[in-house]
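Q: Using the sequences and the accompanying hints, generate a full structural model.
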Amino acid sequence: MSNEELIIHAPLLSYVKEACTRQSYCQLQKLNENERQAFIARHSRAQVCLGEDVGVIASQSIGQPTTQIALSSFHSAGTTAVEVLEGIPRLESILNCSFKQSTSTIRTTKHTSPSDFVYLTILDVMSSYYIEHDLDSWWYAIAEKYNFYTAPNSYNEGVVFRMIVDSKKMKAYKYNVQQKAKI
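If you're matching positions, the sequence shown starts at 1 in UniProt numbering and goes up one per residue.
Please note that the accuracy of each hint is not assured.
To be verified - DMTMM-like cross-link-like pairs, simulated, lysine to aspartate or glutamate; straight-line CA separation at most 25 Å:
#1 Lys145 - Asp166
#2 Lys171 - Asp124
#3 Lys169 - Asp124
#4 Lys145 - Glu132
#5 Lys168 - Asp124
#6 Lys174 - Asp124
Keep in mind the hints are simulated off the structure, nothing from the lab.
A: Set out below in structure tokens:
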């Protein structure tokens with residue numbers, strides 16, 4: 001092994017020394033050079049960038065075993081001979097290992113109180129309405145031109161119900177025309 005390789009791995013080896021407990025570092029010293037380099041390479045691949053969300057990485061490592069645990073618990077429901085808690089200590093250790101984080105993280109929380117939710121009906125934004133019997137109105141030509149809706153068939157329908165909405169109320173409720181059109 002050349003000196004350049006030792007220089008490259010020396011900082012990483014010191015980091016591994018700091019990251020490992022005293023007992024595991026003593027076990028690391030018992031490894032031969034190839035095993036130690038393989039351990040250091042595996043350890044460096046397992047590192048996560050600073051500020052990266054680790055939830056996805058943790059869920060990948062525990063997702064399949066916990067799914068199997070859940071399926072086993074459903075399968076063995078009502079039986080006392082089967083150990084249902086298999087694998088839960090591993091799950092707890094993974095979740096608790098990052099309880100006090102020393103690295104910076106990004107946390108976003110949406111604060112929405114129940115009072116911010118609004119039950120909204122069309123009557124809340126409608127200012128007036130009327131019934132129209134004239135089906136040859138200018139409105140249908142404009143509405144069809146801009147694809148608002150198709151004019152009613154005069155053979156089947158003789159009455160049109162029109163609503164006038166208050167634009168200020170619609171803006172106050174953050175209610176747009178596309179949402180209204182879906183009703």
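Q: All hints are to be evaluated individually against the structure, with a verdict given for each.
A: Checked hints:
Restraint check for Lys145 and Asp166: satisfied, since their Cα atoms lie roughly 23 Å apart, inside the 25 Å limit. With a CA separation close to 12 Å, the supplied pair Lys171 and Asp124 stays within the 25 Å bound. For the given pair, Lys169 sits about 8 Å from Asp124 by alpha-carbon distance, which is consistent with the 25 Å threshold. Taken as a hint, the Lys145 and Glu132 pair is honoured in the structure, with Cα atoms around 20 Å apart against an allowance of 25 Å.
Taking the CA atoms of Lys168 and Asp124, the gap is about 11 Å. The hint holds against a cut of 25 Å. Straight-line distance between C-alpha atoms of Lys174 and Asp124 comes to about 12 Å, which keeps the hinted pair within the 25 Å bound.
Against the hints set out earlier in the document, no violation occurs for any number.
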